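Chemist: Chains as they are written, first to last, in our numbering: chain A, 1 to 77; chain W, 78 to 485.
The hints are simulated quantities; they were obtained by calculation from the structure and are not laboratory data.
Among these hints, one or two may not hold up.
Just so you have them, the derived chain A footprint on chain W, three or more residues with Cβ under 8 Å [unchecked claim]: (1) 416-430; (2) 446-457.
The following label-pair restraints were derived from C-beta to C-beta distances [unchecked claim]: (3) D56(A) - S152(W): 35 to 43 Å; (4) D56(A) - N143(W): 30 to 38 Å; (5) E68(A) - L360(W): 52 to 60 Å; (6) G399(W) - S76(A): 52 to 60 Å; (7) N143(W) - E24(A): 54 to 62 Å; (8) L359(W) - D34(A): 56 to 64 Å; (9) E450(W) - S75(A): 55 to 63 Å; (10) E450(W) - S76(A): 33 to 41 Å; (11) D140(W) - E24(A): 49 to 57 Å; (12) D56(A) - V212(W): 53 to 61 Å; (13) E352(W) - E68(A): 54 to 62 Å; (14) K305(W) - I10(A): 48 to 56 Å; (15) Q460(W) - I64(A): 22 to 30 Å; (16) S75(A) - K305(W): 50 to 58 Å.
For clarity, every value in this text was computed on a predicted model and none was experimentally measured.
Built from N, CA and C at the ideal position, the CB exists for glycine as well.
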Amino acid sequence: MQEKIQELIIMVLQHSNRYQPNIEFSALSRLREDLGLDSFNLAELTVHIEEEFGVDIFEEGLVITLGEIYSKLSSSH
Amino acid sequence: MLSEELIFDVSTNQSITFEELMVRLNSEAFYYEKWCYTSFYDFLVNFLKALINGRDITLLDKDFSNEELAKLGYSNSILIKHTLASTSPNITDKASLINKLTNSKSSVTFFTSGTTGIPKRIIHTIPTLTRMIRVGNNYKDNVWAIAYNPTHIAGVQVILQALFNGNRMVYAFETSGNELKRSIIERGITHISATPTFYRLLVSEKTSFPAIKRITLGGEKSDARLHKLLSISFPNSKINNIYASTELGSLFVTDCENFVVPASLADKVQVMEDELMVHSSLLSWQIEDEWYKTGDLVQVINTFPLTFKFQSRKNEMINTGGYKVNPNEVEEAIRSFKEVREVRVFGKPNSVLGNILCAEIVFYPDNHLENNEIFSRLKNILQEFKIPRIIKVLDKIEVTRTGKLSRK
């Protein structure tokens with residue numbers, strides 16, 4: 001699941017020309033500051049994650065780090 | 078014999094003569110005031126029976142579900158049947174039918190389909206419905222394609238334009254592009270009136286219909302690329318763009334994107350805060366305010382004579398992350414790619430942005446663009462917030478009952 005999320009983040013960044021090949025993922029990576037996702041990227045990411053896993057990760061409010069996405073998805077399954 | 082045919086229904090291959098229509102109009106002493114009709118011919122017979130007998134009628138789509146009818150305030154039992162006078166209306170020829178129609182005191186109730194929201198009830202009379210209708214010798218050999226929903230005002234106006242000139246009508250609203258292409262040749266269609274969406278699904282740079290003399294567009298924003306494609310596909314045709322709405326009927330006509338307000342309407346039309354306003358005297362019903370807000374956002378090209386270009390419906394604007402996006406502008410940008418046959422842009426509720434911009438795209442056969450290519454091309458022509466984030470490739474795009482792109 002973690003790999004799939006990372007794939008989706010890369011795809012979203014590529015869509016808006018924001019992808020940096022040296023990107024590093026860790027549970028502590030902040031979606032905005034560290035991974036470079038803006039609000040439009042986050043919105044797109046939620047749609048793709050919801051299609052893949054059936055969970056709207058932002059439904060209950062702000063998500064800051066990649067680890068928070070992982071835990072939301074694992075707690076829902 | 079084809080020459081005697083008055084109606085041809087492409088979906089059922091049914092052919093009706095004027096004499097057959099006359100028999101039904103003279104002999105059936107009833108009509109349905111409210112009815113989800115079954116076939117175009119039956120719809121037309123019922124509509125004309127109401128009009129020539131001076132009775133009021135409400136036009137309902139044939140495929141309304143019970144839930145949709147309930148929203149309009151109707152129960153499931155919508156077959157409201159009335160008996161008509163036992164004396165025959167005595168329609169003996171086309172002239173007597175036209176005479177009865179011209180003098181009809183009937184009211185006709187429509188429901189605006191809208192691209193969003195709940196349908197609104199709008200009542201018209203024969204004078205408002207026939208305001209733009211032209212009659213004369215020049216029109217007598219026209220053959221019309223009925224490409225609008227017949228229960229909507231644009232469809233009724235085409236039907237009346239054809240009937241008032243005794244023209245053959247080819248009902249093509251529920252048919253595929255290919256069936257219509259065949260009918261244009263086989264039934265000798267010369268005139269088509271339809272939405273820009275309808276034409277986009279019909280024409281390409283490789284199609285050519287030299288027999289068509291006039292095509293009319295209305296109900297949605299058209300753009301320069303479509304006009305160019307239309308001039309290729311209809312090389313001998315005049316192209317009219319009509320400004321019309323269910324509330325107002327047809328008001329302005331142009332051969333391009335810019336509408337010039339004629340001198341006769343100069344003091345009855347104005348633009349305030351980008352919205353087109355029309356004087357209440359042009360409406361078929363009473364309103365409290367002197368000016369009626371059309372809900373159409375326009376760009377003023379010239380102030381005298383007032384000349385404007387349609388931009389979008391006010392309620393079509395999509396709010397995404399606090400930005401207002403006009404879906405027509407985005408569709409126009411995507412349509413500028415030669416691979417794209419049709420596109421629909423709409424907002425989808427999203428927990429981050431309120432709405433996320435989505436696009437559905439249909440490519441021409443043997444054409445395709447990867448999403449990344451679409452995104453990167455759009456970056457050159459649109460601000461970033463106007464770029465759809467979710468793009469889906471489809472074979473066909475959903476349209477509303479009026480044949481417009483759905484914004485849902």
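Chemist: Looking back at the hints listed earlier, which ones does the structure fail to meet?
Modeler: 6, 9, 13, 14
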